[in-house]
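Asks: Residue numbers (numbering that gives the first Met the number 0), protein chains in the order written: chain U, 0 to 263; chain D, 0 to 103.
Source of the hints: derived by calculation from the structure; they are not laboratory data. Be aware that a few hints might be false.
Said to hold, decoys possible - Across the chosen pairs, the derived CB separations fall in these ranges: (1) U/P132 / D/G33: 53 to 61 Å; (2) D/H29 / U/S128: 48 to 56 Å; (3) D/E41 / U/P229: 30 to 38 Å; (4) U/L48 / D/I68: 15 to 23 Å; (5) U/T79 / D/A64: 48 to 56 Å; (6) U/A255 / D/G33: 49 to 57 Å.
To be verified - Interface residues of chain U toward chain D, partial, derived using beta-carbon atoms under 7 Å: (7) E47; (8) A53; (9) H151.
What the hints assert, rightly or not - Pulled from the structure, derived: some chain U residues nowhere near chain D, Cβ distances all over 12 Å: (10) Q36; (11) P46; (12) D51; (13) N56; (14) A136; (15) T153; (16) P179; (17) L225; (18) T262.
Owing to the predicted nature of the structure, the values given are computational and were not obtained by experimental measurement. The beta carbon of each residue, even a glycine, is placed where N, CA and C say it ideally should be.
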Amino acid sequence: MTGTAASPTDTASVAADRGAVAEYALRLGDDALIAAQRWGEWISRAPELEEDVALGNIGLDELGQARSLLSFAGSILGRTEDELAYFRSDLEFRCCHLVALPRGDFADAVARLTVFAAYQLELYSALLSSTEPTIAAIAAKAVKEVRYHLEHGTSWTVRLGDGTPESKIRMTAALDRLWPYVAELFDTDDLEQQLVADGVAVDSSTLRDPAVGRITAILAEAGLELPSAPRVRGGGRVGRPSEHLGYLLAELQVLARQHPGATW
Amino acid sequence: MSESAGTANRLEREWPLWEVFVRPNRGLSHVHAGSLHAPDTEIALQNARDLYTRRGEGVSIWVVASTDIHASSPDEKDSLFTPANDKVYRHPTFYTASDGVPHL
């Protein structure tokens, strides 16, 4: 950009950048949206009413993040948040496989909450200095929310891991089931690297050590081992969705698709 | 028989009850907000945050095990509270303001 006037090529590259920013916002927003849907499933199914409310609130926090991120992506793509949430197929979603995993038992919920919150805390903390003001602003709000999610997940991890023999067995099994899906959170690719160079995005691979460090410390307090199960392939960020995503979307989208534009 | 045993078992397994006190933004003291179930103090505080401070109601939360609250009995209402009403000098309305204190 040393010339005095912008050439058509420059304009195109700027436009491509905005497209990449939108794609990045979709990745973050879809993670939050699908996580929110799964937390919502816990209402009436947690061990006690109080925990229904706790997980429901966590879902609402994620939903708030999803709305902000999808609105932002939509402002670039010329679509509304509802169009992005309700009228894309599973192949068009950009969420990781971890958030789409079936609900499982309460130990699965605790494992997922702890691991995903540790990742999101590192992610949003790093995005506070994003050069994209909207992303930095969303991160500033979200970082406080996910810090609480991690606190809640930590409390339960310690109680189940260091509770009864039964709770320890179930917590260990839940972590083993979850672990193959954790590596995908820290995958990076060309699109992300391009935005890292612009200062918009954070390099996901740099989040691994601090996030796994947090998780390791929590598991140590709970008397649990870090699982060592090999990773699954992933691909949620590039249109190879989890096999569970389609079923989740069917429930998430049915009302909007059957009654487009419905309000109450 | 089996039903009452089941109920007892359920009650035994149920998380203990906690009373929640929230200090409002513009208040000086904690006010009783309600109660909740939780397995221990730390989770009780987290649940209290979710149930009673969702709309920014407070700046501080106390939780107290309900079993640690000792309450007066409704049967003692008369002996505890009624005498206050016929001791008129305990109420500020008993006293007249002096002429020399116009702003009282």
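Asks: So, for every hint listed, does it hold in this structure?
Replies: Quick rundown of the hints versus the structure:
Separation of U/P132 from D/G33 is about 40 Å and departs from the stated range, judged on CB atoms against 53 to 61 Å. Restraint check, D/H29 to U/S128: a C-beta distance of roughly 38 Å breaks the suggested window 48 to 56 Å. A C-beta distance of roughly 35 Å is found between D/E41 and U/P229, which places it inside the suggested range of 30 to 38 Å. Between U/L48 and D/I68 the C-beta distance comes to about 21 Å, which sits within the given range of 15 to 23 Å.
For the pair U/T79 and D/A64, the beta carbons lie near 49 Å from each other, so the given range of 48 to 56 Å is met. Range check, U/A255 to D/G33: about 36 Å between beta-carbon atoms, so the 49 to 57 Å window is missed. Residue-level restraint check for U/E47 holds (minimum Cβ-Cβ distance to chain D is 5 Å; threshold 7 Å). Nearest Cβ of chain D to the Cβ of U/A53: about 5 Å, under the 7 Å cut. The hint holds.
With a least beta-carbon distance of about 5 Å to chain D, the hint placing U/H151 at the interface is held under the 7 Å criterion. No Cβ of chain D approaches the Cβ of U/Q36 within 12 Å, the least distance being about 19 Å, so the stated non-interface status holds. Not every CB of chain D is more than 12 Å from the CB of U/P46 (nearest about 8 Å), against its label as outside the interface. Under the 12 Å C-beta cut-off, the non-interface status given to U/D51 relative to chain D is violated; the minimum distance is some 10 Å.
Some Cβ of chain D comes within 12 Å of the Cβ of U/N56; the nearest lies about 5 Å off, and the non-interface call is violated. Remark: the non-interface label on U/A136 is consistent with the geometry, its nearest Cβ contact in chain D lying 19 Å away (cut-off 12 Å). At roughly 10 Å, the least C-beta separation between U/T153 and chain D is not larger than 12 Å, which violates its mark as non-interface. Listed as outside the interface, U/P179 is consistent with that label: its C-beta sits roughly 29 Å from the nearest C-beta of chain D, beyond the 12 Å cut-off.
Separation of U/L225 from chain D is adequate, the least Cβ-Cβ distance of about 23 Å exceeding the 12 Å criterion. Against chain D, the non-interface label of U/T262 holds: every CB pair exceeds 12 Å, the least being about 24 Å.
Checked against the numbered hints given earlier, this structure breaks hints 1, 2, 6, 11, 12, 13 and 15; the rest are met.
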